[in-house]
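Protein chains: 2
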Amino acid sequence: MSSASTTTTRPPRNGVDVPTLFATLDAVKAQPEAARFQFRAVNRWISGTHSRTTIHGFFGVGEEQEHTSAYTYDADHPEVLVGTDKAASPVEIVLHGLAACLTAGIGNIASARGIELTSVESRLEGDIDLQGLLGLSDEVRNGYERIRASFTVTGDASDEELRTVVEQSRARSAVLDIVTNGVPVDIDVRTG
Amino acid sequence: MSSASTTTTRPPRNGVDVPTLFATLDAVKAQPEAARFQFRAVNRWISGTHSRTTIHGFFGVGEEQEHTSAYTYDADHPEVLVGTDKAASPVEIVLHGLAACLTAGIGNIASARGIELTSVESRLEGDIDLQGLLGLSDEVRNGYERIRASFTVTGDASDEELRTVVEQSRARSAVLDIVTNGVPVDIDVRTG
Chain A
1 MSSASTTTTR PPRNGVDVPT LFATLDAVKA QPEAARFQFR AVNRWISGTH SRTTIHGFFG
61 VGEEQEHTSA YTYDADHPEV LVGTDKAASP VEIVLHGLAA CLTAGIGNIA SARGIELTSV
121 ESRLEGDIDL QGLLGLSDEV RNGYERIRAS FTVTGDASDE ELRTVVEQSR ARSAVLDIVT
181 NGVPVDIDVR TG
Chain B
1 MSSASTTTTR PPRNGVDVPT LFATLDAVKA QPEAARFQFR AVNRWISGTH SRTTIHGFFG
61 VGEEQEHTSA YTYDADHPEV LVGTDKAASP VEIVLHGLAA CLTAGIGNIA SARGIELTSV
121 ESRLEGDIDL QGLLGLSDEV RNGYERIRAS FTVTGDASDE ELRTVVEQSR ARSAVLDIVT
181 NGVPVDIDVR TG
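Keeping their order, the protein sequence lines are chains A and B. First residue of the first sequence? That's 1 in this note's numbering, and the numbers climb one at a time after it. First residue of the second sequence? That's 1 in this note's numbering, and the numbers climb one at a time after it.
I should point out that these hints are in silico values taken from the structure, not numbers from a laboratory. Nothing here was measured: the structure is a model prediction, and the numbers come from that model. Among the hints, erroneous ones may be present.
[Claimed, not checked] Distance windows between CB atoms, simulated:
no.	chain 1	residue 1	chain 2	residue 2	range
1	A	Ser-150	B	Arg-36	52 to 58 Å
2	B	Ala-27	A	Thr-152	21 to 27 Å
3	A	Asp-186	B	Glu-33	35 to 41 Å
4	B	Glu-116	A	Ala-70	27 to 33 Å
5	B	Thr-118	A	Ala-23	20 to 26 Å
6	B	Glu-160	A	Arg-123	30 to 36 Å
7	B	Arg-36	A	Gly-192	26 to 32 Å
[Claimed, not checked] Covered stretches of chain B (in silico footprint by chain A; criterion: 3 or more residues with CB under 8 Å from a CB of chain A, positions within the stretch not fixed):
no.	segment
8	123 to 137
9	179 to 191
Cβ coordinates follow ideal geometry from the N, Cα and C atoms, glycine included.
Build out the structure end to end from the sequences listed, making use of the hints.
The structure is reproduced here in structure tokens:
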């Protein structure tokens, strides 16, 4: 053990800047109002079931923020559902958000615990009976009945440690909470 | 009124092939098992909080289906949340899916009712207190506390008719159901 201070700059672990991650946690602990965020999306209909969403500004850490660029994403229905299949469908986009949220959590948590990840892969499946949204049955819900997510995680830690990383990501995932527990949605309509 | 059959091909209304839409409804009515769909997403971690989802195959109408191409979408956390901001964040992606689902419904329902839409725009906002997902408070949930969606719809129909189109889309939206009512999610973990 040496008492000499080390000034070596370590590369970010798994691409995560761990000192800044911990500093951010400390800053939010000291000023809980910094944790109040608002995320936004603006969508424009293009044609049929095809639309485009732009995601740029958000609020957080007490002030307006902007992504490094404005991100645009399309959505459409597949042809078998009378769409033009210009992009993934809205229900598939929900799977994308869920997978990405759990995976980002795995990246952060593994890094905070000093685990070098080699790979994180997941496959999500959502079962849906379209009799609900097609208005053909009032006993069938509109959305997914069930979602299954299968993760395969490899890294320089024991199976047990890797599993607890996934478990902690699950325990703190924003999108998993949204998708499993539901969120109140207010819809306001203006006509031109 | 003429008894002569007309063979004029009308252009799709709002980009929606309405005869095929109604034929699809009739086909599902006759064979409810055709309505059982499974949507899928495969996600791979890239680095830090950055991951990429591929969406290609799905199951429906009794057989395996494929989108016209494999769609890939990235997700990341913004820099203020110690990400690298290569794409929208997972919670923003949920807003995209919700906006796109309600908008696709508006396109289909307006078309089925003979309404020509001029524009559909929506702005979604989701409020979230990050003390939850950062693990700094057990009293704060991980996900959105509330989502607001503001739609502006214009077309060749009365305000009342346009409002009922939005209302019907809300009543039959898959993603609105998922987000407001929640879905059971099973997570399976394998380690390498």
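Non-conforming hints, listed in increasing numerical order: Numbers 1, 2, 5, 6, 7, in rising order.
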